[in-house]
Amino acid sequence: MTNLVPNIAYDYAELAKVSGIELPTPKTEAWKYTRLRDLLDCPYTLCTPSSATGPELPLKADVIHISNGRLVSALPQVAGAEITVIDHVEEKTHHPFAQMNALYLTQGLQITIRRKLSRPLVLNYHMSPNGENGFYHWRNIINCEKDSSAAIIEQFTYEGEVKSCYLANLVNDINIQAGASLQHYKYQNEAFKANHVALHEITIAADGKYESFCLQKGANIARNETEISLNGEGAEAVVNAAYMMNGWATLDTTTNVYHYQPHTKSSQLVKGVVGGTAKGVFQGRIHIAPNAVCTSGTQLHKAMVLSDDAEIDVKPELEIFADDVKCSHGAASGEIDKEQLFYMRSRGIGEEEAKTLLIDAYVTDVINHITDSSVREWFKSLI
Amino acid sequence: MAQPDIIDESGDKYKYGFITDIEADTAPAGLNADIIRLISQKKEEPEWLLEWRLKAFEFWQTMSEPHWAKLAYDKIDYQALHYYSAPKQKVAPKSLQEVDKSLLETYDKLGIPLKEQEALAGVVAVDAVFDSVSVATTYRAKLAEKGIIFCSISEAIKNHPDLVKKYLGSVVPYTDNFFACLNSAVFTDGSFVYIPKGVKSPMELSTYFRINAKNTGQFERTLIVAEDDSYVSYLEGCTAPQRDENQLHAAIVEIVVMNNAEVKYSTVQNWYPGDKDGKGGVYNFVTKRAACRGANSKISWTQVETGSAVTWKYPSCVLQGDNSVGEFYSVAITNNRQQADTGTKMIHIGKNTTSKIISKGISAGFSNQTYRGLVKVTPQADNARNYSQCDSLLIGANCGSHTVPYVENRNRNAVLEHEATTSKISDEQLFYCKQRGISEEEAVSLIVNGFCKDVMQHLPMEFAIEAAKLINISLEGSVG
Chain C
1 MTNLVPNIAY DYAELAKVSG IELPTPKTEA WKYTRLRDLL DCPYTLCTPS
51 SATGPELPLK ADVIHISNGR LVSALPQVAG AEITVIDHVE EKTHHPFAQM
101 NALYLTQGLQ ITIRRKLSRP LVLNYHMSPN GENGFYHWRN IINCEKDSSA
151 AIIEQFTYEG EVKSCYLANL VNDINIQAGA SLQHYKYQNE AFKANHVALH
201 EITIAADGKY ESFCLQKGAN IARNETEISL NGEGAEAVVN AAYMMNGWAT
251 LDTTTNVYHY QPHTKSSQLV KGVVGGTAKG VFQGRIHIAP NAVCTSGTQL
301 HKAMVLSDDA EIDVKPELEI FADDVKCSHG AASGEIDKEQ LFYMRSRGIG
351 EEEAKTLLID AYVTDVINHI TDSSVREWFK SLI
Chain P
384 MAQPDIIDES GDKYKYGFIT DIEADTAPAG LNADIIRLIS QKKEEPEWLL
434 EWRLKAFEFW QTMSEPHWAK LAYDKIDYQA LHYYSAPKQK VAPKSLQEVD
484 KSLLETYDKL GIPLKEQEAL AGVVAVDAVF DSVSVATTYR AKLAEKGIIF
534 CSISEAIKNH PDLVKKYLGS VVPYTDNFFA CLNSAVFTDG SFVYIPKGVK
584 SPMELSTYFR INAKNTGQFE RTLIVAEDDS YVSYLEGCTA PQRDENQLHA
634 AIVEIVVMNN AEVKYSTVQN WYPGDKDGKG GVYNFVTKRA ACRGANSKIS
684 WTQVETGSAV TWKYPSCVLQ GDNSVGEFYS VAITNNRQQA DTGTKMIHIG
734 KNTTSKIISK GISAGFSNQT YRGLVKVTPQ ADNARNYSQC DSLLIGANCG
784 SHTVPYVENR NRNAVLEHEA TTSKISDEQL FYCKQRGISE EEAVSLIVNG
834 FCKDVMQHLP MEFAIEAAKL INISLEGSVG
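Just so you know, the sequences run in chain order C and P. Reminder that position 308 of the first sequence reads as 308 in my numbering, one-by-one numbering, no gaps. If you count the second sequence from 1, you need to add 383 to reach my numbering.
Heads up, none of these hints are tricks.
Calculated cross-link-like contacts (lysine-lysine; reagent style DSSO-like; alpha-carbon spacing at most 27 Å):
(1) P:Lys458 - C:Lys27
(2) P:Lys734 - C:Lys338
(3) C:Lys32 - C:Lys92
(4) P:Lys453 - C:Lys326
(5) C:Lys32 - P:Lys739
Since the hints were made in silico from the structure, they are not lab data. From a predicted model like this one, the values you see are computed outputs, not experimental measurements.
Can you build the whole structure from these sequences, using the hints too?
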């Protein structure tokens, strides 16, 4: 880790530049829909530590509290898992934000899952009021050993002024070994002027399973990027997400799924609801390598546009180099279904209530894919 | 079932591969302002057009070749190309009898004998482009009666300068992209169509392009203007002789559609795709765009792309007029080492505009194909509607098929749908056919033709037959 001086406001772009890292510009294809200028406009200081913790989840779980990018309390003892603190990592990819994350790492965790965990592990990230105009870089290195199984839940919340501006740069390096399975859920509810950039790099070995769901409701610019390599036969990935925004945010869901081996399977379902001047972005790519036959990859993005100034930008991409595959993608966007609305109103349900019900049902459709029932109920309570 | 072997010889069998030996009047290789002046002078162009060309050339020098497409090809040396080549003929031919015999023979081999055309087709007027100069235009009199102008663009510049000046570059400005800019600077010929107000063209207008002289880049420019309440169906078909050097083709097609007018533009593109090892073949970088300027106007693009080593082509619709309609139907087939990056752009600006995209891609051999499309709805385009469907079929384990659709929606009333699938020919379908005594190759062609049916039915009769044959020829040897 390279040291940063506390209490000094850093121009993030400048900091990247002097570190030899090229941050994306509006001309960078993978970032063309993400309003990065807003993210890079304000200078950030390194987050000052805080002891405040985020709201508890209504779940029986082992909880790790992270506040302003640092561990707050001692690590819990989790049977079947080994958790240690890390303060430096090396980044192997060329992802500019992940490189920044590694170079200026605030703190991180190394989590090794040895066998089946009896209850979910919660990473409760919290931003306290003294984190205003701050930034932090957090990273988890998660290793799911052979035939282990775990559920990890990440929750991002804040406290204080709704308009506080800060930057959270997060990376999850996840390695799922043969036969292991990981359920990965994320709830992002940052402050309305906060910026949130997260990258999940996942490699899955033979018969490994990865299931994820991410609900994004906050932040000014939030990008949840998932990169999955299906490296062994029988590996499977489910990448679902939902986003809901009424303000001015840009919520970006980007996925790259690489099928490197035969008999691998992936599915993506993303649903979004945007109002105000919000912008929903979905960029999904399924890549199938030349020898990866008998694979299946599906992708579906649906968005509901509630206001005149909202925007939806979608780029579902298929890149296929093998013939014996079944791949499909679909994208649809439109306003709330007038017929459904009429049907409900004709039965005496007020317009606002009917809309709420319809939006609720729209998003719940994705949530229903979550296998863990208690987590499913929790997410339902959030929308 | 065993995977079918991918052994292909179609490159060697290319039906239209021959070179006509005619003395050509060719400008020296290279590109500079003097060459542009020479082209302009040879074509006896007015001063404004020369200035426009020079402006384009100046701008082109500031641009760099785009590389975002999924295409890999040898670097093009723009200074090694000849930018002007015309068959040497002192006097312009007045009738078909006066046309150079070997030229006519070329067309015979291509299967569009001009002499027979009148009797045979009866309804199709052909403006044949041989390299860079139009040699024969038929049916002009019949069209002139209706007030339709159908001639080469050079003639249009001479005879209808006001029309050309008004519309040239109005849909594709010279600043648009690298290849369009190059075309604007050096275009040599092409077709011009003007359909006056209230006129429905009595026949389908057709142009056959053909690349001939060695090392000559072809820079065709087509301009179609359909005034209020008019209709025209335009056919474009291409074949090219076989040779080893790669040939560059950077064409522009501009279409302007006014109130209640409709233009149907169909293409069968069958240029030399290179041999089975990817040697030779045409580089095809085309900018095609139609502007639906008037209310209730309609443009329909239909294309069958089987040729060229490299294809870079995105026929687009700018739907400016209220209630205007844009359609794009495409079948693209790549085999051997062919590469195609093709698709469309639908820009919804007017209210109640609708667009439809049906794209069918078939990859075989070692080829790679990409569908790249954009559907954009601007904030003022209330009730815009789009439906896109992109299906890809893979034949063999070494080919690639990619889909890159962009959907940008900035209007809440817009309803946009996009669907794409990629699969191979199912073993069950093949088994079913074979069980009934149909050979594997025939079965594949049957299934492929069925796969493309949604697009083929939008082709005019003349093309539909040729296109079905082309599909079979293109896939020859890719199975079995």
